[in-house]
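Participant: Listed below, chain by chain, are the residues.
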Amino acid sequence: MTGAAIVFRKELTELATTRSTILTGIGFAVFFGGMYSLRVGAGGPVPLAKSLGSMLFFLTSLIGLFLGYTMAAQVFLREKTDAVIETLLCAPIRLGEIWLGKTVAVAVFADLFALSAGVLMSVIVSLRAGSLATAPPEVIFHVLVGVPLLTACLVGLLGFAQLLLGMKENRIIGLALFVPIFAGLYGLGYTSAGAFAVSWNKVLLLSLVAVAVLALLLRGSHHISRERIVTSLP
Amino acid sequence: MITVRHLSKQFKEVKALDDVSFSVGEGEVFGYLGPNGSGKTTTIRLLLGLLKPTAGAALLWGKDAGSDPDIRRRIGVLLESDGLYPRLSAYDNLSYFARLYSVRNPEGRINSLLDFAGLSERRNDKIGTFSKGMRRKLGLVRALLHSPDLLVLDEPTSGLDPEAQKMVRDLILTLSARSGITVFLNSHDLDEVQRICGRVAILQKGRLRALDTLKRLQSASSQNGVDFLLADSSRLVEARDVLADVRGVEAVSLGDNGVRVTLGNGAGTAELVAALENRGIEIDEVRKCRRSLEEVYLDIIRQEEE
Numbered sequence: 135m136t137g138a139a140i141v142f143r144k145e146l147t148e149l150a151t152t153r154s155t156i157l158t159g160i161g162f163a164v165f166f167g168g169m170y171s172l173r174v175g176a177g178g179p180v181p182l183a184k185s186l187g188s189m190l191f192f193l194t195s196l197i198g199l200f201l202g203y204t205m206a207a208q209v210f211l212r213e214k215t216d217a218v219i220e221t222l223l224c225a226p227i228r229l230g231e232i233w234l235g236k237t238v239a240v241a242v243f244a245d246l247f248a249l250s251a252g253v254l255m256s257v258i259v260s261l262r263a264g265s266l267a268t269a270p271p272e273v274i275f276h277v278l279v280g281v282p283l284l285t286a287c288l289v290g291l292l293g294f295a296q297l298l299l300g301m302k303e304n305r306i307i308g309l310a311l312f313v314p315i316f317a318g319l320y321g322l323g324y325t326s327a328g329a330f331a332v333s334w335n336k337v338l339l340l341s342l343v344a345v346a347v348l349a350l351l352l353r354g355s356h357h358i359s360r361e362r363i364v365t366s367l368p
Numbered sequence: 269m270i271t272v273r274h275l276s277k278q279f280k281e282v283k284a285l286d287d288v289s290f291s292v293g294e295g296e297v298f299g300y301l302g303p304n305g306s307g308k309t310t311t312i313r314l315l316l317g318l319l320k321p322t323a324g325a326a327l328l329w330g331k332d333a334g335s336d337p338d339i340r341r342r343i344g345v346l347l348e349s350d351g352l353y354p355r356l357s358a359y360d361n362l363s364y365f366a367r368l369y370s371v372r373n374p375e376g377r378i379n380s381l382l383d384f385a386g387l388s389e390r391r392n393d394k395i396g397t398f399s400k401g402m403r404r405k406l407g408l409v410r411a412l413l414h415s416p417d418l419l420v421l422d423e424p425t426s427g428l429d430p431e432a433q434k435m436v437r438d439l440i441l442t443l444s445a446r447s448g449i450t451v452f453l454n455s456h457d458l459d460e461v462q463r464i465c466g467r468v469a470i471l472q473k474g475r476l477r478a479l480d481t482l483k484r485l486q487s488a489s490s491q492n493g494v495d496f497l498l499a500d501s502s503r504l505v506e507a508r509d510v511l512a513d514v515r516g517v518e519a520v521s522l523g524d525n526g527v528r529v530t531l532g533n534g535a536g537t538a539e540l541v542a543a544l545e546n547r548g549i550e551i552d553e554v555r556k557c558r559r560s561l562e563e564v565y566l567d568i569i570r571q572e573e574e
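Keeping their order, the protein sequence lines are chains A and B. Every letter in the first sequence is one number past the one before it in my numbering, and letter 191, counting from 1, is 325. Every letter in the second sequence is one number past the one before it in my numbering, and letter 178, counting from 1, is 446.
Mixed in with the good hints, there may be bad ones.
[Stated by the list, open to error] Computed footprint of chain A on chain B, listed as stretches where at least three residues anywhere in the stretch have a Cβ under 8 Å from a Cβ of chain A:
| no. | region |
| --- | --- |
| 1 | 301 to 308 |
| 2 | 316 to 322 |
[Said to hold, decoys possible] Listed next, the in silico DSBU-like pairs over lysine-lysine satisfying Cα-Cα at most 35 Å (straight line):
| no. | chain 1 | residue 1 | chain 2 | residue 2 |
| --- | --- | --- | --- | --- |
| 3 | A | Lys302 | B | Lys556 |
| 4 | B | Lys280 | B | Lys394 |
| 5 | B | Lys483 | B | Lys394 |
| 6 | B | Lys331 | B | Lys320 |
| 7 | A | Lys214 | B | Lys434 |
| 8 | B | Lys283 | B | Lys483 |
| 9 | B | Lys280 | B | Lys434 |
| 10 | B | Lys434 | B | Lys483 |
| 11 | A | Lys184 | B | Lys400 |
| 12 | A | Lys302 | B | Lys434 |
| 13 | B | Lys331 | B | Lys280 |
| 14 | B | Lys280 | A | Lys184 |
| 15 | B | Lys400 | B | Lys320 |
| 16 | B | Lys434 | B | Lys394 |
| 17 | B | Lys320 | B | Lys283 |
| 18 | A | Lys214 | B | Lys483 |
| 19 | A | Lys214 | B | Lys320 |
| 20 | B | Lys556 | A | Lys214 |
| 21 | B | Lys434 | B | Lys400 |
| 22 | A | Lys214 | B | Lys280 |
| 23 | B | Lys320 | A | Lys184 |
| 24 | B | Lys556 | B | Lys283 |
| 25 | B | Lys320 | B | Lys280 |
| 26 | B | Lys556 | B | Lys331 |
| 27 | A | Lys214 | B | Lys473 |
| 28 | B | Lys473 | B | Lys483 |
| 29 | B | Lys331 | A | Lys184 |
| 30 | A | Lys336 | A | Lys214 |
| 31 | B | Lys473 | B | Lys320 |
| 32 | B | Lys280 | B | Lys473 |
| 33 | B | Lys473 | A | Lys184 |
| 34 | A | Lys302 | B | Lys483 |
| 35 | B | Lys473 | B | Lys394 |
| 36 | B | Lys483 | B | Lys556 |
| 37 | B | Lys556 | A | Lys336 |
Since the hints were made in silico from the structure, they are not lab data. The C-beta atom is built at its ideal place from N, Cα and C for all residues, glycine as well.
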């Protein structure tokens with residue numbers, strides 16, 4: 135098992151056993167899944183599948199990104215607050231592997247709730263419509279591939295910034311990364327229920343951008359200074 | 269195994285370490301001493317590759333631990349903090365580090381070490397519920413998990429009860445004698461260092477003030493003194509007065525069950541023994557006085573301060 139996989143497994147275990155994180159995730163999935171299901175079909179004479187698709191696109195993106203944002207700080211600062219970082223840096227593992235393991239763990243965990251919210255919304259919409267409502271394939275691709283990649287991209291950026299600053303949480307940088315993405319997606323979703331056309335080009339472009347950013351971050355994470363982290367310890 | 273050559277480290281205006289050189293051989297138990305802020309932790313961090321030197325080199329097996337994960341695989345560390353995750357159980361903590369260090373048969377190794385440390389019954393309890401002493405013991409278990417060749421210990425017995433302190437000391441000596449493991453020990457507990465270290469370095473204000481075997485350090489700084497242990501402790505004061513009158517005696521002081529005499533030029537132990545015997549004071553033991561590490565350490569530190 136590689137270093138990143140070991141870190142991934144450990145972080146996922148810690149996230150899955152933290153009650154507050156799970157409750158937040160469930161709360162988000164149920165509340166927004168239920169709320170957004172009411173907006174499907176409310177945008178005028180738009181086909182149900184298209185309306186459901188655009189709502190699924192926004193809902194899963196928002197939940198994945200928001201939960202990723204809230205979990206990133208605790209996961210990336212955990213070793214410092216628990217005074218374990220110095221010991222961990224002495225282990226035969228590279229800083230890049232730690233970054234990757236944490237990033238993927240948060241992205242996977244946040245996306246479980248995003249996916250649950252999507253499923254919940256689809257079930258409610260189907261029940262209301264009296265038949266099984268399905269989203270277009272490009273939206274399903276986005277939910278299953280694009281959202282995890284976008285979430286990993288945001289979490290990776292936040293984690294990278296924190297490690298670069300010596301494992302310090304910089305809320306200004308965190309908000310500067312998160313708010314524009316969140317506000318943009320939320321505003322778009324709120325104002326264009328059913329009218330926004332999700333296309334293959336758009337979802338593929340989003341996924342490719344996320345992969346490119348992640349690749350750059352992974353390369354950069356191997357060059358982060360351990361000294362900066364160690365000298366910032368109390 | 270450990271080679272430190274002209275090592276210096278500067279943090280902005282502060283020179284934390286200034287031209288320090290020493291080496292530690294395989295199987296050695298090496299004590300690294302110094303007051304707070306003397307540069308001990310900085311040295312350890314440089315050795316472990318957590319910091320980069322401003323000048324000189326800190327090498328393990330001839331390599332920089334910071335850039336070589338294979339070198340780090342051969343080191344076990346117990347630093348100031350125990351290096352354990354408080355929300356994970358004892359077993360999960362050890363299991364995590366066992367995977368990071370690619371320990372073979374981790375289950376068996378973890379179980380035997382937990383047994384050894386007397387923590388088997390708490391294996392599924394979260395570290396957050398452990399006492400400081402238990403955490404320290406588990407931290408040591410974590411450091412030994414992958415059977416390292418070098419053990420870097422920073423105050424390993426801090427927070428432990430006397431029984432556990434003895435267990436740790438015995439363990440270090442056993443590991444060094446049987447497995448040939450090298451131990452780099454940073455400690456404020458001079459008694460502990462005296463019991464287990466063969467060689468020590470004393471650091472002050474970032475500079476190395478002493479580096480030698482314990483025996484030589486103690487002999488070099490010893491005054492010409494003799495300890496007399498008496499059979500009858502009620503005659504200590506009388507013995508002190510008798511000895512003080514012997515020609516060539518510079519000073520006499522009382523101990524728990526004996527008298528310590530500092531001799532000047534021309535005085536010999538035979539005259540002292542004769543003086544006591546003439547007064548009918550029975551002597552249990554006469555031994556050349558060897559100063560404790562604490563006395564040696566304090567002398568070196570004070571000399572430098574003066």
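Participant: Are the hints correct? Go through all of them and say.
Facilitator: Going through the hints against the structure:
no. : hint                   : in the structure
1   : 301 to 308             : violated (count 0)
2   : 316 to 322             : holds (count 5)
3   : A:Lys302 with B:Lys556 : 57 Å, violated
4   : B:Lys280 with B:Lys394 : 40 Å, violated
5   : B:Lys483 with B:Lys394 : 44 Å, violated
6   : B:Lys331 with B:Lys320 : 13 Å, holds
7   : A:Lys214 with B:Lys434 : 31 Å, holds
8   : B:Lys283 with B:Lys483 : 31 Å, holds
9   : B:Lys280 with B:Lys434 : 41 Å, violated
10  : B:Lys434 with B:Lys483 : 22 Å, holds
11  : A:Lys184 with B:Lys400 : 60 Å, violated
12  : A:Lys302 with B:Lys434 : 39 Å, violated
13  : B:Lys331 with B:Lys280 : 26 Å, holds
14  : B:Lys280 with A:Lys184 : 61 Å, violated
15  : B:Lys400 with B:Lys320 : 31 Å, holds
16  : B:Lys434 with B:Lys394 : 26 Å, holds
17  : B:Lys320 with B:Lys283 : 14 Å, holds
18  : A:Lys214 with B:Lys483 : 41 Å, violated
19  : A:Lys214 with B:Lys320 : 20 Å, holds
20  : B:Lys556 with A:Lys214 : 51 Å, violated
21  : B:Lys434 with B:Lys400 : 16 Å, holds
22  : A:Lys214 with B:Lys280 : 23 Å, holds
23  : B:Lys320 with A:Lys184 : 58 Å, violated
24  : B:Lys556 with B:Lys283 : 41 Å, violated
25  : B:Lys320 with B:Lys280 : 14 Å, holds
26  : B:Lys556 with B:Lys331 : 44 Å, violated
27  : A:Lys214 with B:Lys473 : 28 Å, holds
28  : B:Lys473 with B:Lys483 : 24 Å, holds
29  : B:Lys331 with A:Lys184 : 61 Å, violated
30  : A:Lys336 with A:Lys214 : 39 Å, violated
31  : B:Lys473 with B:Lys320 : 19 Å, holds
32  : B:Lys280 with B:Lys473 : 16 Å, holds
33  : B:Lys473 with A:Lys184 : 72 Å, violated
34  : A:Lys302 with B:Lys483 : 47 Å, violated
35  : B:Lys473 with B:Lys394 : 40 Å, violated
36  : B:Lys483 with B:Lys556 : 13 Å, holds
37  : B:Lys556 with A:Lys336 : 88 Å, violated
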